[in-house]
Amino acid sequence: MSQNLNSWDMNADEDTMKDLYLCFSLEDRDYAFEVRHLTEILALPTITTIPGTALFLKGVINIRGKIIPVMDVRLRFDMSFKPYHERTCVLLVELDGLPLGLIVDKVNDVLRIPTENIDLAPKIGESKSSRFIYATGRVGDSVKILINLQRLLTEEETVLIKDIPGN
Amino acid sequence: MERDDVLEYLLEARETLESIEKELLHFEKSTLDGSLVDRELLDTLFRHFHTIKGSSGFFGLTAIVKIAHAAENLLDYLRNNPDAQDEDTLEYLITALDHLNELVEHEENSPTGGGFFNVLQTQFLEKLNEKNEVIRVRQTQTTETAKTNQSEPEFGLFQNTTSHNNQKVEEFGLFIEKSETDGKEEFGLFTDDSISTPNEEFGLFIKSDVIFKKNIIQKPEENLKTEKKSIIKKDIRIDTDKLDSLLDIVGEIVITEPMVTDHPDITKLKLENFQKTALQLKKLIRNLQEITLSLRMVPIAGIFSRMERLVRDTAKKTGKQVNLVISGEDTEIDKSIIEEMYDPLVHILRNAIDHGLETPEERKEAGKQPQGTIQLTATQSGKEVWIEVRDDGKGLSREKILNKAISLGLLSRSDSEILEDKEIWEFLFHPGFSTAKEVTDLSGRGVGLDVVRKNVTTLKGFVDVFSIYGQGTTFLIRVPLTLAIIEGLVVRKSDTYFILPSIDVKESMYLVNEPINELYNNNHSIQYRTNQISIVDINLLFGKDSELNNQRSLKEKYLIVTESHEKQLGIVFDEILGNQSIVIKPISPIFKNINGLAGCTILGNGHAGLILDVRKLISQHLSSVTI
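Quick mapping for you: the protein sequence lines, in order, are chains H and P. Taking my numbering, I'd label the letters of the first sequence as residues 5 to 171. Taking my numbering, I'd label the letters of the second sequence as residues 4 to 630.
Isolated chain P (complex conformation):
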């Protein structure tokens, strides 16, 4: 077996394991109130475990096969005996999943031939098999079907003995369809009595199986269904370097296209057909660009769903009740950023549960619901994605943080009085502000928050914390969508092209007939709807004199009304070129102190365009000017 094949399979297996995790958490949630889990959910879980088992067997990863097989047995039992569900069985399944993850990871990093590498795993397998054993005994007693022939748990699969008694339903439920079992069962197509050849294990993957079993009743529509499912899930993994070079090349094509179609050598010729084809080409290239740009973007859902497990485990460990509410998971963000967001989120969520939320008793005393709520939200805001973790716990204690800061010599007691809350929360991000033990004494927070900030800062993002004592704490991570596409309004001011993120633009208007009020030099306003809003020349925002001082030059200019945090500002430009999807490229760090620019982009005409950071411009301008 080629190592590459194995690696590729393992990636696939990881995906399946992720789905299993998701389903299991769903399982847990849906059974919290004591209700029985959906048959369909069990089927899905069963199918996933089975897929793992089958394919891993194919690659000779016996340890994975064994654990998956045992989990499958347990699930099969649950399917037939839904009453048997309890926390215990769920815990078994989750632990099985963890072991599978471990095994897959181990196989990726240090291939050893697919066996167990850890006593815990073998112990777990024994326990799980015992559990299956116990269940089986119980089942036999209740159903009184047949003698309790105990198949050897680990290798039951390959044993002929089992196929001769009714226990096989349990063991090989997958391959056998008893007349009374649900026809929907995933692999019902192998309806004959199982002939215990090792092939059975891989029956699904080896077509020749069909030849062995002549009396198979094929159910074409079933077959089709499973096939379809696997098609939907198909995607391709691509090396990001390849993607980047693709992006670069497409970028070049986009820039070269007008150079060719509007080439000076042909502009004077009448070429009607050429123009038609050129137009078609333009459209195609535009599509090509859009698709290429979106390739790197993935929904944030993947990382959010991994948080569910974390929250569950942390809550269990700390004895707290947590309701995790996730929203905005379809927000798209650059793949590389998503990966970097994992650790910070883990940190913040753990902190929120461990130190932010109170125990159920404390919450009752405080007049809150015993179950704490943590909201994990993603939203796209202009050039940024905002990820918010909001808990309704006890909030940050000003006093405790101040004391700690004073004891660390970060500030003097006399200074502490004048600090605003916001400045105090900043101490939490101070490296070494909290050492593990003291954190719990402190109202919480602080463990590794400096690391969180560092991680996010490397992504050119920001972390802020807000808190109201007694009501909760909110962490807000803002990260740019580097390489992300934003919709922007392309405008021109003399020779420079600017892009205003569409999200910040409220309205654009022609300036010709609008009366402009000059309050004093460099300070102009205009009547916009019911308000007087400040208007500026882009030069003014970058520290030069405003051209608005010379009102005669204002004819035939355009005013773009921008808005941030409900504050409006009008910016004057020479020309509006239209809306466009824009790839944000960072501005070289050589330009160190430019405020008000969010990045650069390359426009269709080959010029570099400057993306304005409207929020910053507005807040800067309004803090220097009062209307």
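If we strip away everything but chain H, and leave its shape as in the complex, we get:
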């Protein structure tokens, strides 16, 4: 018994984080990513645009003395730009040690999606935004689109950035 308890303790942190997903919406679609990437959720601060970069990289923000780049996830997914409003949120995530702010329309909640409810996404064409999706998660009657955060910053994209006129 005690042995079990110990092992439970040791993995407590991982276990509590496991299967937890942060859900947010863009338009009427629900997206989610693993909570362990999230550092904090912020109201949108002033953004300083960086000239000469891709449109979806909105610029940088100052979070308590740290300069952090922000990305508009709508633009990243090739959706149309929607003006920011009071409730626009920045999800601060950390990817491979790099902090990044994600601008999303609306943050919903944190959900537990057990592995058995996750289905790897079928290859749906080569559409640009489908590359960020790796799976779908069933929660009750609804389906959350699980996104691969790392893909948001892949190499091929930076090539695209380079190709933007003027760079």
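Don't take every hint at face value.
[As the list claims (entries may be wrong)] SDA-like cross-link-like pairs, simulated, lysine to any residue; straight-line CA separation at most 25 Å:
{"#": "1", "chain 1": "P", "residue 1": "595", "chain 2": "H", "residue 2": "101"}
{"#": "2", "chain 1": "P", "residue 1": "371", "chain 2": "P", "residue 2": "473"}
{"#": "3", "chain 1": "P", "residue 1": "547", "chain 2": "H", "residue 2": "87"}
{"#": "4", "chain 1": "P", "residue 1": "245", "chain 2": "H", "residue 2": "69"}
{"#": "5", "chain 1": "H", "residue 1": "70", "chain 2": "P", "residue 2": "262"}
{"#": "6", "chain 1": "P", "residue 1": "338", "chain 2": "H", "residue 2": "49"}
{"#": "7", "chain 1": "H", "residue 1": "70", "chain 2": "H", "residue 2": "143"}
{"#": "8", "chain 1": "P", "residue 1": "595", "chain 2": "H", "residue 2": "110"}
{"#": "9", "chain 1": "P", "residue 1": "595", "chain 2": "H", "residue 2": "78"}
{"#": "10", "chain 1": "H", "residue 1": "70", "chain 2": "P", "residue 2": "296"}
{"#": "11", "chain 1": "P", "residue 1": "371", "chain 2": "P", "residue 2": "313"}
{"#": "12", "chain 1": "P", "residue 1": "595", "chain 2": "H", "residue 2": "55"}
{"#": "13", "chain 1": "P", "residue 1": "338", "chain 2": "P", "residue 2": "547"}
{"#": "14", "chain 1": "P", "residue 1": "285", "chain 2": "H", "residue 2": "49"}
{"#": "15", "chain 1": "P", "residue 1": "547", "chain 2": "H", "residue 2": "78"}
{"#": "16", "chain 1": "H", "residue 1": "70", "chain 2": "P", "residue 2": "490"}
{"#": "17", "chain 1": "H", "residue 1": "70", "chain 2": "P", "residue 2": "248"}
{"#": "18", "chain 1": "P", "residue 1": "285", "chain 2": "H", "residue 2": "67"}
{"#": "19", "chain 1": "H", "residue 1": "70", "chain 2": "P", "residue 2": "250"}
{"#": "20", "chain 1": "P", "residue 1": "547", "chain 2": "H", "residue 2": "101"}
{"#": "21", "chain 1": "P", "residue 1": "457", "chain 2": "P", "residue 2": "295"}
{"#": "22", "chain 1": "P", "residue 1": "560", "chain 2": "H", "residue 2": "21"}
{"#": "23", "chain 1": "H", "residue 1": "70", "chain 2": "P", "residue 2": "398"}
{"#": "24", "chain 1": "P", "residue 1": "271", "chain 2": "P", "residue 2": "253"}
{"#": "25", "chain 1": "H", "residue 1": "70", "chain 2": "P", "residue 2": "473"}
{"#": "26", "chain 1": "P", "residue 1": "547", "chain 2": "H", "residue 2": "110"}
{"#": "27", "chain 1": "H", "residue 1": "70", "chain 2": "P", "residue 2": "25"}
{"#": "28", "chain 1": "P", "residue 1": "547", "chain 2": "P", "residue 2": "521"}
{"#": "29", "chain 1": "P", "residue 1": "25", "chain 2": "P", "residue 2": "310"}
{"#": "30", "chain 1": "P", "residue 1": "371", "chain 2": "P", "residue 2": "33"}
{"#": "31", "chain 1": "P", "residue 1": "496", "chain 2": "H", "residue 2": "110"}
{"#": "32", "chain 1": "H", "residue 1": "70", "chain 2": "P", "residue 2": "313"}
{"#": "33", "chain 1": "P", "residue 1": "547", "chain 2": "H", "residue 2": "82"}
{"#": "34", "chain 1": "P", "residue 1": "570", "chain 2": "H", "residue 2": "47"}
{"#": "35", "chain 1": "H", "residue 1": "86", "chain 2": "P", "residue 2": "498"}
{"#": "36", "chain 1": "P", "residue 1": "509", "chain 2": "H", "residue 2": "55"}
[Stated by the list, open to error] From chain H, some residues computed to sit far from chain P (all C-beta separations above 12 Å):
{"#": "37", "residue": "44"}
{"#": "38", "residue": "68"}
{"#": "39", "residue": "75"}
{"#": "40", "residue": "85"}
If you're looking for bench data, these hints aren't it; they were derived computationally from the structure. Predicted, not measured: the structure shown is a model, and the values here were computed from it. Here a beta-carbon is modelled for each residue, glycine too, at the ideal position from N, C-alpha and C.
Based on these hints, arrange chain P on the given structure of chain H.
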């Protein structure tokens, strides 16, 4: 004894050893022409060795005590017999220093109780003691003072016998002042005959000594002097993590200050006294920020002086004569960068001596002075520190490098003709370009230069090489001053704040009455002094259309004239906010292809400001536009 105390002491000891090294090199330099070394220099050296000896004894590091003691003896002898100086004695002192360094390092890494851990050390100590012995005999013969009572060299310090004869002057010169010896002697305060108790060893550190010796003549002013000296040298070591969090917090205070003092809730109230205090607070916070920012900056002198020793040793090994000229050593640079610069510099300097400089004979043949010169220079240039190693050796041989590159399959012979020299020197940084043996066949260079480049690149810096065959080679390392403060001009263009490093700014002017010439779309110029200079809108520099095309919008704008490499460019902004000290923060690597920005910063108003890389902007712009 707490381990922490020992470690702290060892750090201190390292510092003292560094000073010893510096003094010894100075010693060598000043005696190169055969002149005698300054008495004062000997005193300083003596004092340093003594400090090491005393404190190490306190911590029970006997090996260090023994070597320092022997070195002290030798120095004391030199003080009294300056004629005895020769290369040999200097070499002894330098070797003693090396052993001390070794011992300190060993003690730091694997504490073993302070004994010797290496046969070489004990052998050296024996040799040094023998040397002292020989000297003593010689001295006795010449001065004919007393019988040659040989004290047992290693433990002479603790032996009573020595205190009964005149030899003690040598052995314990430190604690005894003979009437004829110089009153300035460092520890003259212990003027009585030495009573050989172990306490004497630590007499300096144990106040109770005073009680033992009632007939001590205290010289207060002397006492004061030594105390003062130690105060000047005092500094504190701080964990850099603590410093970083301090910086962050101060940054936050700076940003929060206007939020409080200009809080919308109070702006409409008349609060004269509040405003006064708020102003005072503003000033204080500004000072606080400046001081905090400068905490991480240290002069590059520390690392440069370590190079002196390296150059000396390498020159000795290779039989070359080198004059190392150091300048700009007070250039300040972030501590963490300085540490990373050590290895690259060692590499480059070694290469410069080993392969760059010719032997004295070769130099004579080439009509040069037999002594080669290596200039080690640091300068701050905008957001960068430039460290230059310039030798006047034989330079790089195009042919040899090309041959090597071809043999390695890096290029074909037909391509080799069209390459510029600059492109050829680049091969030197190719990994594996030279293996140890072939380097000497080659005109030199190449050993580990790829590593140098790698190290410097990790610091987001650059290494370049320039060379003229027969005249010498220059390595230029450019490293950013990350976290360093630069003075910058804060300007605004619509909603974005930009910072122009003050060093690049030549002049700012109001644009209202200046006639602007439009050559064609996106290409404008203005009369500046006697020249026509190109002017741009910041948008243009980042690939959008210039707003200057619409000249009506130009009223009430400001033109900042920037300059790099004597090329000028005017950039138009909406507003100038003033000069400010700026902390450079790197831009996230997510923005991969931005040229023209040197970094980010956080301005007093909480906005992120973009620091322009004026040099890059100018060279980019001028290469795309011709006036």
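Verification of the supplied hints:
no.: 1; hint: P:595 / H:101; in the structure: 16 Å, holds
no.: 2; hint: P:371 / P:473; in the structure: 10 Å, holds
no.: 3; hint: P:547 / H:87; in the structure: 22 Å, holds
no.: 4; hint: P:245 / H:69; in the structure: 15 Å, holds
no.: 5; hint: H:70 / P:262; in the structure: 18 Å, holds
no.: 6; hint: P:338 / H:49; in the structure: 33 Å, violated
no.: 7; hint: H:70 / H:143; in the structure: 36 Å, violated
no.: 8; hint: P:595 / H:110; in the structure: 29 Å, violated
no.: 9; hint: P:595 / H:78; in the structure: 21 Å, holds
no.: 10; hint: H:70 / P:296; in the structure: 15 Å, holds
no.: 11; hint: P:371 / P:313; in the structure: 23 Å, holds
no.: 12; hint: P:595 / H:55; in the structure: 12 Å, holds
no.: 13; hint: P:338 / P:547; in the structure: 39 Å, violated
no.: 14; hint: P:285 / H:49; in the structure: 24 Å, holds
no.: 15; hint: P:547 / H:78; in the structure: 23 Å, holds
no.: 16; hint: H:70 / P:490; in the structure: 20 Å, holds
no.: 17; hint: H:70 / P:248; in the structure: 11 Å, holds
no.: 18; hint: P:285 / H:67; in the structure: 22 Å, holds
no.: 19; hint: H:70 / P:250; in the structure: 11 Å, holds
no.: 20; hint: P:547 / H:101; in the structure: 33 Å, violated
no.: 21; hint: P:457 / P:295; in the structure: 31 Å, violated
no.: 22; hint: P:560 / H:21; in the structure: 54 Å, violated
no.: 23; hint: H:70 / P:398; in the structure: 46 Å, violated
no.: 24; hint: P:271 / P:253; in the structure: 28 Å, violated
no.: 25; hint: H:70 / P:473; in the structure: 50 Å, violated
no.: 26; hint: P:547 / H:110; in the structure: 32 Å, violated
no.: 27; hint: H:70 / P:25; in the structure: 41 Å, violated
no.: 28; hint: P:547 / P:521; in the structure: 17 Å, holds
no.: 29; hint: P:25 / P:310; in the structure: 10 Å, holds
no.: 30; hint: P:371 / P:33; in the structure: 24 Å, holds
no.: 31; hint: P:496 / H:110; in the structure: 31 Å, violated
no.: 32; hint: H:70 / P:313; in the structure: 40 Å, violated
no.: 33; hint: P:547 / H:82; in the structure: 22 Å, holds
no.: 34; hint: P:570 / H:47; in the structure: 44 Å, violated
no.: 35; hint: H:86 / P:498; in the structure: 19 Å, holds
no.: 36; hint: P:509 / H:55; in the structure: 24 Å, holds
no.: 37; hint: 44; in the structure: 16 Å, holds
no.: 38; hint: 68; in the structure: 6 Å, violated
no.: 39; hint: 75; in the structure: 8 Å, violated
no.: 40; hint: 85; in the structure: 16 Å, holds
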